[in-house]
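K.L.:
Residue numbers (the numbering used here): 6 to 249.
Hint data in this document are derived by calculation from the structure and do not stem from the laboratory. Incorrect hints may appear among the rest.
Unchecked claim - Simulated crosslink set (DSSO-like; lysine-lysine; CA at most 30 Å straight-line): (1) K229 x K246; (2) K246 x K157; (3) K118 x K226; (4) K24 x K67; (5) K136 x K89; (6) K173 x K61; (7) K35 x K20; (8) K88 x K29; (9) K151 x K136; (10) K80 x K229; (11) K67 x K118; (12) K197 x K20; (13) K88 x K117; (14) K157 x K80; (15) K151 x K20; (16) K173 x K197; (17) K134 x K80; (18) K128 x K157; (19) K157 x K52; (20) K158 x K226; (21) K61 x K35; (22) K89 x K151; (23) K242 x K118; (24) K151 x K118; (25) K186 x K197; (26) K229 x K89; (27) K67 x K208; (28) K117 x K52; (29) K134 x K79; (30) K173 x K88; (31) K186 x K67; (32) K197 x K88.
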Amino acid sequence: MEMLIESLINQFSLKNLRKFFEEKLRIELKEEEDVLPREDYEEYFGKLYVLKPYGKENIKLKDDTIAIYAIESKKELSERSSKKRQFGLATELIDHKKGRLEDGGFFVFYDKKGNFRFSFVHKIYEGAKHKFSHYKRYTYFVQKGKPYRTFKKALLELQLDSIESITKAFAVQPLIKEFYKEIQNWYAWALKDDRVWFPGGTKEENLIRLITRLIFVWFLKEMKLVPEEIFDEERLKDIVKDFG
6 MEMLIESLIN QFSLKNLRKF FEEKLRIELK EEEDVLPRED YEEYFGKLYV LKPYGKENIK
66 LKDDTIAIYA IESKKELSER SSKKRQFGLA TELIDHKKGR LEDGGFFVFY DKKGNFRFSF
126 VHKIYEGAKH KFSHYKRYTY FVQKGKPYRT FKKALLELQL DSIESITKAF AVQPLIKEFY
186 KEIQNWYAWA LKDDRVWFPG GTKEENLIRL ITRLIFVWFL KEMKLVPEEI FDEERLKDIV
246 KDFG
């Protein structure tokens with residue numbers, strides 16, 4: 006499974022996407038081209054595919070029904086690009102497809118450069134009516150070739166038993182707890198290891214300063230507030246004297 010996920014990240018294709026879901030669902034799927042629900046979407050999106058079991062319109066889980074869509078983006082994707090428009094298309098596909106009664110779906114938007122957004126959208130029922138999960142709730146942007154530990158972990162733990170199990174794999178709270186636990190473990194290790202030293206001040210204070218600064222720099226990186234090049238070892242060799 007890890008190799009399938011690596012292939013999906015490093016070399017996105019419909020084939021790799023299909024193989025990933027076939028492995029998770031333990032069924033064979035086919036790629037079937039479909040049409041966009043409205044003509045005005047054609048400015049932004051190209052081909053639309055549905056991954057479905059042979060002889061069936063959608064995928065039946067234990068108590069829920071879902072679909073899997075792959076949608077080509079005509080423009081290059083980025084972390085911030087067109088999330089609301091993509092979400093709007095996703096909700097229309099769930100709601101307006103004749104003959105399909107879907108409770109949710111996976112929506113994978115991809116561009117020609119191999120970048121993609123992997124999202125899950127589902128209905129939240131309120132009596133006879135329903136609304137949808139928030140467009141930022143269960144979504145990952147993946148840039149080709151970049152390491153995405155959180156995304157990999159979510160896909161590895163993903164169980165396609167029910168909508169509840171899917172949203173559990175995408176939940177952020179356990180990941181946040183794990184993140185802080187790892188920081189705590191690293192701090193305890195660095196505090197005891199004699200190879201970790203600072204030129205002045207107490208070791209405890211210096212370690213805390215180091216950790217907070219690293220977290221802040223990572224925040225700047227994730228928010229695209231600093232150039233990506235400064236995190237590239239090969240590029241840094243040309244920028245920083247005696248680097249590496």
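K.L.:
Against the structure, test the hints numbered earlier, and report the numbers of the ones violated in rising order.
P.N.:
As far as the earlier hints go, 2, 9, 11, 12, 16, 17, 27, 29, 31, 32 are violated by this structure, in ascending order.
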